[in-house]
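Each protein sequence line maps, in turn, to chains A and B. Under my numbering, the first residue of the first sequence carries the number 1, and numbering increases by one thereafter. Under my numbering, the first residue of the second sequence carries the number 1001, and numbering increases by one thereafter.
Calculated from the structure, these hints are not laboratory results. Any given hint could turn out to be false.
List of simulated lysine to aspartate or glutamate pairs, DMTMM-like, C-alpha gap at most 20 Å [to be verified]:
hint: 1; chain 1: A; residue 1: K12; chain 2: A; residue 2: D99
hint: 2; chain 1: A; residue 1: K174; chain 2: A; residue 2: D120
hint: 3; chain 1: A; residue 1: K174; chain 2: A; residue 2: D88
hint: 4; chain 1: B; residue 1: K1063; chain 2: A; residue 2: D88
hint: 5; chain 1: A; residue 1: K170; chain 2: A; residue 2: E158
hint: 6; chain 1: A; residue 1: K170; chain 2: A; residue 2: D120
hint: 7; chain 1: A; residue 1: K161; chain 2: A; residue 2: E6
hint: 8; chain 1: B; residue 1: K1053; chain 2: A; residue 2: D99
hint: 9; chain 1: B; residue 1: K1053; chain 2: A; residue 2: D88
What the simulated footprint calls covered on chain B by chain A, stretch by stretch (three residues with Cβ under 8 Å from a Cβ of chain A suffice, anywhere in the stretch; the number is not a length) [said to hold, decoys possible]:
hint: 10; region: 1037–1044
hint: 11; region: 1047–1054
hint: 12; region: 1061–1075
hint: 13; region: 1078–1086
Positions of the beta carbon are idealized from the N, C-alpha and C atoms, including for glycine.
Here are the chains, one letter per residue:
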Amino acid sequence: MKFLLEGEAILKSVRRHWFFVAGQLIFFLFLTVAPFVIFPIFFVISRSAGLSFISSVDIGPLMLFAYGIWFLIVWMMAFTAWTNYYLDVWYITNMRVIDINQSALFNRAVSSIRLDMIQDASIMTRGFIQVFLGVADVRIETAGESGTFIIKDAVGAEDLKQFISQESRKAFEKYHTSNIRVESSGPVKITPDSSPE
Amino acid sequence: MNFTSLVQFASSSGVHINLDSAPLSAGRIVWAILILVLGICALLSYALVYHWKSYGNGNRFMKFVQVIYFVGVGVISAMLIVVASLYSLI
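One chain only, chain A, in its complex shape:
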């Protein structure tokens, strides 16, 4: 992948619960069947309004044509919504937590924090839907200016929090112990090295 550094490997990928995209897809399904309800109502109203032309001329083909266009547009919108959902993802690698925020088709932001910079990971459950679905927001706080990362509506939030804490601890130990060297054979003197190896 383009955004991965040398030697970096993805350990886990996290997406929002599928319920949130399912809601959108159900809406598009509703839009697909809506003309079957709207067209008959339109005919009834047009007849009662005295538009004799509509009942006298066969406009079926034109309606079918219009519905085809409508269906094509809804089809494309549904796949665009799914793409936005699928590409909105968090990756936990052996070095960083990467947040890819895909809010629209041409609206994409990628940000990351180093695992060894993470100070705390916590879970927040908000509202009925999150409780009902068993999902939660995982909040990751860092020491630097990166601030706070929130993994929204994550499935298995408790396991994810544990995993991030564990990987963060590993990264911290690896990074900081690799920068400590033992000097002289006398009393042990530990000096932190300023430059990473």
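Keeping the supplied structure of chain A fixed, place chain B upon it in accordance with the hints.
Quick look at chain B alone, frame taken from chain A:
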């Protein structure tokens, strides 16, 4: 449906069209709408494929979704063209 029928329909809906100055026939209007919609569809499909290829990891599930999408687009477009042709809209 011919152009005269469409004009009658428009007149009954309160829209008045001067037959002598109308530059487009009903068939041409439908043809223009079809071209426009298929053009937008092609552009959006290109954008979707670009996203799927660039950011989608190229996994099997993503390929499956692509197949479903293009089968759907193909079937609907074919239906549009067939309906328009069969009923002499174009």
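Q: Against the earlier hints, flag every one the structure doesn't satisfy and list their numbers going up.
A: Those not satisfied are hints 3, 7.
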